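Q: Residue numbers (the working numbering), protein chains in the order written: chain A, 1 to 256; chain B, 1 to 271.
The set of hints was computed from the structure by calculation and includes no laboratory data.
One should not assume that every hint holds.
[What the hints assert, rightly or not] Partner residues are not named here, just some residues of chain A that face chain B (Cβ under 10 Å, in silico):
| hint | residue |
| --- | --- |
| 1 | L42 |
| 2 | S161 |
| 3 | G163 |
| 4 | P176 |
| 5 | W253 |
All figures in this text were calculated on a predicted structure; none of them were measured in a lab.
Built from N, CA and C at the ideal position, the CB exists for glycine as well.
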Amino acid sequence: MQHRIRLRAWTLLSVALLIAAWLILTWGGLVRDLFLPPPDELWDGFVDLATDGYRNRTLLEHVEASLWRIGAGFATGTVVGTLLGLAMGYWRPVEALFAPFVEFLRPLPQLAYLMLLIIWLGIGETSKIILLFLAALPVSAVAARDGVRNVRLQSILVARSLGASEWQVFRHVVLPSALPEIFAGARIAIGVVYGTLIAAEIIAGSSGIGWMILDAGRFLRSDYVFVGILSIGLMGLALNGALVALEARIVHWAGR
Amino acid sequence: MPDATDGRRLVAGEVFVSFAGVGVTYGSGAGRVPALEGISLDFAAGDFVCVVGPSGCGKTTLMQSLAGFLKPSSGTVSIDGRPVDGPGADRGVVFQQPALFPWLTVGGNAGFGPMLRGESRAARAETVEQHLRTVGLWEFRDRYPYELSGGMQQRLAIVRALVNKPKILLMDEPFGALDALTREKMQEELHTVWRRTGMTVLLITHSVEEAVYLGTDVVVMSARPGRIVERIAAPFARREGERSSRETKSLPAFVALRERVLSLIWQSAET
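Required output: the full structure, derived from the provided sequences and hints.
A: So this is what it looks like as structure tokens:
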């Protein structure tokens, strides 16, 4: 316990040092505002964005636009990917049918096929959400498939000897056994989706936090850029934190 | 078929489990490895059969063929007059590793079999409670397996099999991963359960002492390919009276039988 408090203190110290360096550099006049805005200017920029907004949308609306795309792409991609992965792990023919596509798609940089999606679907919401869907799907599919493959044979044999049918083995043994890996896959997927979204908004968009950063950067509004980066970073922390909390609740036994 | 008559009972009417000329071969072509050869072994309901032999003699394969985890390459295994075809709820299984379901509580693990049959929570609660109480796990019913010690986990694995009321309990080195003291305690508990229920047990073990102490019959197997060397009746499982386990294990008759089984294993390992 004491050990943990000391570690927490180290974390606080490192953040405090960074902030102190920021204050000294900016208010001390060592760095131009353009490169690194001082705290008061950053705050003004934040208030500006929050109330007046950027290009007809407030900061919150940009965040909402990004979150909605992430939510839609991540949810559909992980659900479909997980179901596909479970089937691939359990039934070899399904694996044989889908493995080439999943394996090809997984290492492919999402921005490589973004262009194709824009050609096919335009620069609206559909192309972005499908892009994120395609980013999340192979990661979740592979995680779920490996989760099924790593089920302990003895657990299955015990269940069969307790009278489990094939479906019951899947429902009561294979599925729960694979849950920890499914969750691990979901966390990787949200990282991929998140990175892809910002890139997608930069290339094609007129809303969203990624687009806002790029557009503000063109006009050298470094205060807006910093507010954007901080918003993205905090959103990412919150999303990951929510997944970790959910994971700890549902698969509390994992690794024990 | 060599040794085909070894281990057969003379009175056919009381046969409960029967291995008839069972052979198991792993692999194919040049890589074929015969694991079991010409196993013929019958036993009656209520018998406690312990199988011992040098490692790699196919003890586990023998158990798996009765559990229905593998199909013999030759011969048939049958229980209660019906040939074994795949695993089933009539044969409860306990492995060396407890193989509990970590996402279920202690109570959930114990009631897994009845749950599969669609029994309601209320309907299975009584059996589960009774079984958990007898092994001292009732107060842990809402805990998870990872919160239990190794011995308690294995008790739970045995309870999970017993709650399902199998016709026979198949155990593969169930106490092999436990410390000496826990192991003796659990031998005692298993013995008590067997005396109370009169259930049929097939126990695979590499402890000769355990086999002679718990078994009504000790089956000695030879090194690969596994054959039955000898089947010996052991009198200590059905003993009467209040003799403690340590007293029993130091009886001259016990020591003599233990040494006899040991020397059989030595001989079979050398040839």
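Q: Hint by hint, note whether the structure agrees.
A: Taking the hints in turn, this is what the structure says about them:
1. L42: violated, 47 Å
2. S161: This hint holds: A:S161 lies near chain B, its Cβ roughly 4 Å from the closest one there, short of 10 Å.
3. G163: holds, 3 Å
4. P176: holds, 4 Å
5. W253: holds, 4 Å
In terms of the numbered hints stated before, the structure departs from hint 1 and from no other.
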